[in-house]
Amino acid sequence: MSEAVKLEAIEKSFGSRSALLGADFTLRWGEVHALLGENGAGKSTLMNILSGFYTADAGVLEVGGQGARYANPAAAADAGIGMIHQHFKLVGPLTVIENLRLACARAAGWKNQGAALQAMAELAAQLGFHLNPKWRVDEMEISDRQKLEIMKVLLAGARILIMDEPTAVLTEVEAKAALGLARQLAQSGRAVVLITHKLRDVLGYSDRVTVMRAGRTVIDAADSAGMTAQSLALAMVGEQPVVVAPRASARPQREILRLIRLSAAASAHGVGLREISLDVRGGEILGIAGVGGNGQAELVEALIGIRRATHGKMLINESLAPPGTEARREAGIRCIPADRMGMGLFGELSLGLNLALPRLLGKKPERRWWVRNGWMDGLARAAITEFEVAGAAPQTPARLLSGGNAQKLMLAREFAGHFSILIAHSPTRGLDIRAVHSVQARLRAACARHVAVLLISEDLDEIMELSDRVAVMSRGRLSEAEAIGQVDRGRIGRLMLEMH
Amino acid sequence: MSELLSAWAATTPAFAAPFLLATIGLIINERAGVMNLGVEGIMAIAAVVAVIINLSGGDVALAIIGGVGAGVALTALFGFMAVVLRVEQVLAGLVTFALGIGVSGYLGDGFQNQPVAGISPLPAAWFARLPTFAAGILDQDFLTWFAFIAAVIVWFVLTRTGPGLRLRAVGEDAPAADAAGVPVMAYRMGAVLTGGVFCALAGCHLSLIGAHLWVDGMVAGRGWIAVAMVTLSRWSALRAIAAALLFGAVEALVPQLLSSGMNVPVYFIEMSPYLATLAYLLIAGLFQTGADARPADLTRPYLREERR
Ligand SMILES: Nc1ncnc2c1ncn2[C@@H]1O[C@H](COP(=O)(O)OP(=O)(O)OP(=O)(O)O)[C@@H](O)[C@H]1O
Ligand SMILES: [Mg+2]
Chain B
9 MSEAVKLEAI EKSFGSRSAL LGADFTLRWG EVHALLGENG AGKSTLMNIL SGFYTADAGV
69 LEVGGQGARY ANPAAAADAG IGMIHQHFKL VGPLTVIENL RLACARAAGW KNQGAALQAM
129 AELAAQLGFH LNPKWRVDEM EISDRQKLEI MKVLLAGARI LIMDEPTAVL TEVEAKAALG
189 LARQLAQSGR AVVLITHKLR DVLGYSDRVT VMRAGRTVID AADSAGMTAQ SLALAMVGEQ
249 PVVVAPRASA RPQREILRLI RLSAAASAHG VGLREISLDV RGGEILGIAG VGGNGQAELV
309 EALIGIRRAT HGKMLINESL APPGTEARRE AGIRCIPADR MGMGLFGELS LGLNLALPRL
369 LGKKPERRWW VRNGWMDGLA RAAITEFEVA GAAPQTPARL LSGGNAQKLM LAREFAGHFS
429 ILIAHSPTRG LDIRAVHSVQ ARLRAACARH VAVLLISEDL DEIMELSDRV AVMSRGRLSE
489 AEAIGQVDRG RIGRLMLEMH
Chain U
63 MSELLSAWAA TTPAFAAPFL LATIGLIINE RAGVMNLGVE GIMAIAAVVA VIINLSGGDV
123 ALAIIGGVGA GVALTALFGF MAVVLRVEQV LAGLVTFALG IGVSGYLGDG FQNQPVAGIS
183 PLPAAWFARL PTFAAGILDQ DFLTWFAFIA AVIVWFVLTR TGPGLRLRAV GEDAPAADAA
243 GVPVMAYRMG AVLTGGVFCA LAGCHLSLIG AHLWVDGMVA GRGWIAVAMV TLSRWSALRA
303 IAAALLFGAV EALVPQLLSS GMNVPVYFIE MSPYLATLAY LLIAGLFQTG ADARPADLTR
363 PYLREERR
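Chains B and U, in that order, give the protein sequences. Quick note, the working numbering runs 8 ahead of the 1-based positions in the first sequence. Quick note, the working numbering runs 62 ahead of the 1-based positions in the second sequence.
These aren't lab readings, by the way, just hints derived from the structure by calculation. As the structure is a computational prediction, the values presented were derived from the model and not from experiment. Take these hints with a grain of salt, some might be off.
Stated by the list, open to error - Sample of chain U residues at the chain B side, in silico, Cβ under 8 Å: (1) Arg191; (2) Gly224; (3) Glu234; (4) Asp235; (5) Ala238; (6) Ala239; (7) Gly243; (8) Arg362; (9) Glu367.
To be verified - Here are the computed distance ranges between Cβ atoms for each label pair: (10) Ser118/U to Gly165/B: 56 to 62 Å; (11) Pro373/B to Thr361/U: 31 to 37 Å; (12) Gly167/U to Phe354/B: 41 to 47 Å; (13) Val68/B to Thr361/U: 36 to 42 Å; (14) Leu348/U to Gln192/B: 50 to 56 Å; (15) Leu343/U to Gly30/B: 53 to 59 Å; (16) Arg191/U to Asn120/B: 36 to 42 Å; (17) Lys142/B to Val152/U: 32 to 38 Å; (18) Pro193/U to Leu131/B: 55 to 61 Å; (19) Ser26/B to Leu147/U: 25 to 31 Å; (20) Ala248/U to Leu131/B: 25 to 31 Å.
Ideal placement from N, C-alpha and C gives every residue a C-beta, glycine not left out.
Okay, chain U solo, but in the shape it has when bound:
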């Protein structure tokens, strides 16, 4: 039993990391007033491009750079539609989602189910002196580590620094921010692109670390769950860590149960993240949390001379 528990704890961070990366990406977006529903597509395109580069002989660094580049390119398209052209954000997001899924399927057609080297955990020797349980949890790959550290940094920047203050002002009340001299468009576009980097990293994490391969449809709704997790964590990158760990733990549980010989219906496995979302939403709804934290100008485009 304790073995199962420690194996579960040790695999949880790597399952949590993609959720966390995507969620903090979206938090950056939404704090600036832009809702990006294209995240699922952005993750998919980043995942497939990273795998293709890795399979074609590029090393991990190159794979990540390529994956992020592809993800950001798609994000830039979304940003252009949502921020510059001020297309309805939900619509722009759905277009981005569909495009990302479509293009990733097309690109990855010849690369499906081929294992890649991907990213391995940090050397076990670094953690040798710690108790086994702690070493198991801490011995993760660098991208997982990055996810958790980045969450703290993003939280700090958003809540404690000048640029963070301006970004939040843009998301809460764009005209007031404009009157205060904040370039609203630039901040929104910057937030969208920065958020896109994190969403793309989430995709790279899925293919290079989670699965070590690409298969069509492998993002499997995790982007959508990240959209829900933003609300659950009430737009705070710190709370996002807790939410991601919860979802990571749910996802990590299933393989543990399977390997322990338990007979788990496949439908339950597929359902588990959604069940977790439902449970979390129910809890959040019951305790009436979150509503107050929603940026007031979320999804509301801004043009200076337009009457609001």
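Chain B on its own, in the form it takes in the complex:
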């Protein structure tokens, strides 16, 4: 096996913030190479340099044994490098075929729409994908968008494929298929880079693994066969990762949150709620498992008061929940939404402002007229130390935080003040193990403070590990909650399907 890519001592900084401080990476033809590291370690940045999106400040880049330096993504694509970005690079309002023509017409030499359609049909048949060329991309499921991204890089003639966290947004079955495809592509002689936070994927699907920490390579292309989950975690974090405290024994408390046959309309591409009944007691975590897009988003919106219930009742401490988000917050509800930057934080605003905003709402705002910067900076500094938000100052805009640190900021904001109900929707999606552990520890801590925690997640491992009771959501319905000791994965899987 010969070398496809060789990166040596790559350095890169964005303004005053350095992302890479001498990273190395080698890739062989015919292998799946896992790239591992905490949030902000520089994985995406390194691969963006390889794919011509960023230019390196220093270092050596060799592709196919020759020195290379790409001025733009098109140049890298011409050299056979294709990247499936963490945040997909598809043009939303355009259709499937338009996106393919946009990215591949030049490389594939298509003269007209007919040629593009034919090439797409051939590849789709080969891969077993079913995509309608006329679909609008922004109306497609995430997994279908990913399939389109994969077809896009292959049709553009990529021999070196970079997949940046391809499984983060997929369900278990879809993730297996995507990883299987990565293997299949490697077997056909291509080289595949697989960025992931899931150690199981590394051990199960990769040939070699490179681990990065804080902009440097700490394990350079080791055989995956010789690694264990512990050794990888240790290399990634640099110390033995903290283990989340085991579940405390259940202390029955009174019911704080109750839904009685609650129904609500569907969002644009979602599923409506159909007579959801549940109750969450103080001091327990109720897990809601299920494949994404089965009404989870609608449930969260209904709970926090964005989506109106068409039928049924919602009770907080046995009294009817007030309408409106502000009133619900005052009634003690806090929420960690799945879409951190969309529904949670204000990307353009500073940490301080992000933290201050909820405190300025309600009947008794902490500041009524005069909001001083000093006060906000103080809030931010407290959050940075207490919640270990790394790489940020009080004035940093929230969008510059990495995934894990943004989530910590979100937690810091929602944990402020007194509250009795916490709704967490996919709270660890896309986070590295250390961040996952710290988020999970926070949920446990809330639980210990007698908060009623509702954990909605597609990650079954997480549900099984954290919840006291579990219910399954499917097609807008919710199954009866059962104690965690009385269910197994098989039963939950059946419930996901049965209720259809």
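Starting from the known structure of chain B, arrange chain U with the ligands on it as the hints suggest.
Same frame as chain B, now just chain U with the ligands:
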């Protein structure tokens, strides 16, 4: 009554054409993600330069070339600010607007209210065999004809061709377009300049055909109306034809009413285009159209390594 109607119909296309030219120019801009609020100033400078050349003995072709050249030069300044320097687009547009109005007033100072030959309609003989009503509508000058034909061509290029696809991609999602290998800056700059040509032609149309003279302030807010018309036509050059005809008809109505001896308050005349805008916006708002057609990256500058 029927005479009034046919005279109204016959004058409508020439009133509609400047709106249409400016609107398709702006559609090209905005589909690539750039909002050019300087259009009023660009129209003014093109209008005055065309008149000056025509008055100083240059023929119509030269007048149009000069007018377009001046308009494009001002547009290039806007493009440099908005696309290359990535100045806030609204601000860059307003600067361009103010500059265009100021410079055109200065240049045109000695040329005000002097009638020019301008552009006349195509020979009536060409349309002699058609019924009078149709002949009246079709017998326009070549620039008016060009406006309507260009609208169809622009629509076709934007929606049906490869360059159009790339241009739309740049306006919808610049990073994705960049990843797909589209040179974002070049496309945006190209769109701004091409759009500038159309806006400048709109200015030439106003002075050489509409008024046959230059007077300060003669663009009279038509550029701003064109900005609104882009939204009204939901970024489609075909719908822009309908919108332009509507506004053209409103503008053409007033002289007809006056010549028929009706007593129309001057304020109403001045107000009519704005009333039409208001009515149209109200309708568009009531039926919730347009919002979905807005290019997602409109007014959002792009630099590859910058976090969005
Ligand atoms: N365009 C940019 N502008 C400013 N800072 C950036 C930019 N891209 C990355 N960074 C910073 O560089 C560092 C490395 O980021 P990078 O996205 O490469 O991390 P990562 O390993 O991919 O993390 P994750 O697992 O969260 O995707 C982070 O501190 C990040 O905030
Ligand atoms: Mg990343």
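Violated hints, by number in ascending order, as checked against the structure
Of the numbered hints given earlier, those the structure breaks are 1 and 8, listed in rising order.
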